[in-house]
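Undergrad: Given next are the chains, with one letter for each unit.
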Amino acid sequence: MSQWKNFSKGFVKENPVFVLFLGLCPTLGTTGSAINGIGMGLATTFVLIMSNIVISLLAKFIPDKVRIPSYIIIIASFVTIVDLLMKAYTNTPGANGEPSLYDNLGLFIPLIVVNCIVLGRAEAFASKNTTFTSFIDGLGIGLGFTFALFLLGAVREILGSGSIFNIKFIEGDGMIAFVLAPGAFLALGYLIAIMNVVKKRFANK
Amino acid sequence: MELILIIIGAVFVNNIVLAQFLGICPFIGVSGKVSTSIGMTGAVTFVMVIATLVTYLIQGLLERFGIPFMQTVTYILVIASLVQLVEIILKKVSPPLYQALGIFLPLITTNCAILGVAILAFQKDFNLVSSVVFAFANAIGFGLALITFSGIREQLDLANIPEGMKGVPVAFVIAGILAMAFMGFANIV
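Quick mapping for you: the protein sequence lines, in order, are chains X and Y.
Using this note's numbering, you'd call the opening residue of the first sequence number 7 and step up by one each time.
Using this note's numbering, you'd call the opening residue of the second sequence number 23 and step up by one each time.
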């Protein structure tokens with residue numbers, strides 16, 4: 007498999023959210039706005055790349071029986087690093103007293119450790135492939151995840167508050183429900199349905 | 023009285039699945055049949071209560087040694103070993119249930135609801151009793167959402183759904199409507 011194919015599979019063919027249905031909790035929980043979705047996606051991408059690199063390097067030395075706990079420890083260490091980094095650099099509140107990115111993502115940053123995508127890639131890919139291939143895989147899947155989060159966040163922000171990247175384009179409020187919990191489920195459901203139809207069209211041609 | 027408020031708050035107002043988006047994987051994955059969701063609820067309740075209890079005690083140790091940044095790493099290790107324990111016990115005590123839960127039992131480790139509740143209980147500064155009650159109430163909230171949802175999905179098998187919406191998409195739309203229903207509980211606590 008060429009490296010380009012390896013990189014690009016994360017966007018459509020093996021998109022973690024729309025096709026594999028992995029990592030759904032942060033997908034729903036952090037996509038109230040486009041920028042939050044991107045922040046969460048990039049944090050996950052960092053963990054994914056780093057854990058893929060380290061696990062592909064260590065895979066030969068880890069005994070088979072304790073591999074899952076070992077992977078979890080490696081992943082948890084990088085999650086702690088991301089948590090501390092984000093606390094240091096993305097914790098300044100907005101000009102009008104809006105909560106910072108760190109506050110918005112909140113609980114979901116430590117919860118990257120239980121994101122099925124990260125452990126899934128470690129077990130299914132990084133443990134069997136070379137370091138460079140694993141790095142490309144982590145980058146591709148991570149950016150695919152970021153893309154999905156951005157798409158969902160943008161849809162919810164446009165419908166829910168009539169703005170994109172915090173720039174308002176209509177007066178007043180949008181459909182508030184889309185920023186709140188129900189809209190997350192509805193928007194993701196319809197996005198997956200649209201993806202299914204598009205994929206079927208492509209397959210028929 | 024405070025404990026009752028915690029229970030109502032966790033089960034209805036801030037429902038763990040429908041308002042906080044934790045534990046979505048089993049919520050979508052094992053909600054095909056009512057019987058499996060009851061089993062899943064049992065397993066989650068057991069693990070969640072014990073995990074919160076143990077992590078509460080460990081948090082004290084972490085603070086005593088001045089290493090609170092190790093929280094994520096320690097919590098996830100404790101939860102992973104607890105899940106192994108439940109798996110071994112269930113395999114021995116109730117093989118049919120073990121068969122039914124199949125792949126989703128090891129997946130409780132990566133069920134964000136367990137770790138999420140443990141961290142939430144810490145962030146809310148609960149004492150030991152409130153933490154355990156909080157964990158139990160959240161597990162009940164999880165079960166309530168999961169079992170209601172699987173009941174609806176069982177009926178859904180009989181319905182005629184457009185091709186593209188079949189399976190997961192329609193499940194999400196239903197979850198959205200359920201979440202809307204649960205929004206009716208907002209602000210009662």
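Derived by calculation from the structure, the hints in this document are not laboratory data.
Ideal placement from N, C-alpha and C gives every residue a C-beta, glycine not left out.
Fair warning: there could be bad hints in the mix.
[To be verified] Some chain Y residues near chain X, calculated using beta-carbon distances under 7 Å: (1) A41; (2) I46; (3) L137; (4) G138; (5) I183; (6) G186; (7) M187; (8) F194; (9) M202; (10) G206.
[Stated by the list, open to error] Here are the computed lysine-lysine pairs in the DSSO-like style, where the Cα-Cα straight-line distance is at most 27 Å: (11) K146/Y <-> K55/Y; (12) K71/X <-> K113/Y; (13) K114/Y <-> K206/X; (14) K188/Y <-> K15/X; (15) K188/Y <-> K55/Y; (16) K11/X <-> K206/X; (17) K146/Y <-> K93/X.
Undergrad: If you test the structure against every hint from before, which numbers come out violated?
TA: 5, 10, 11 and 13
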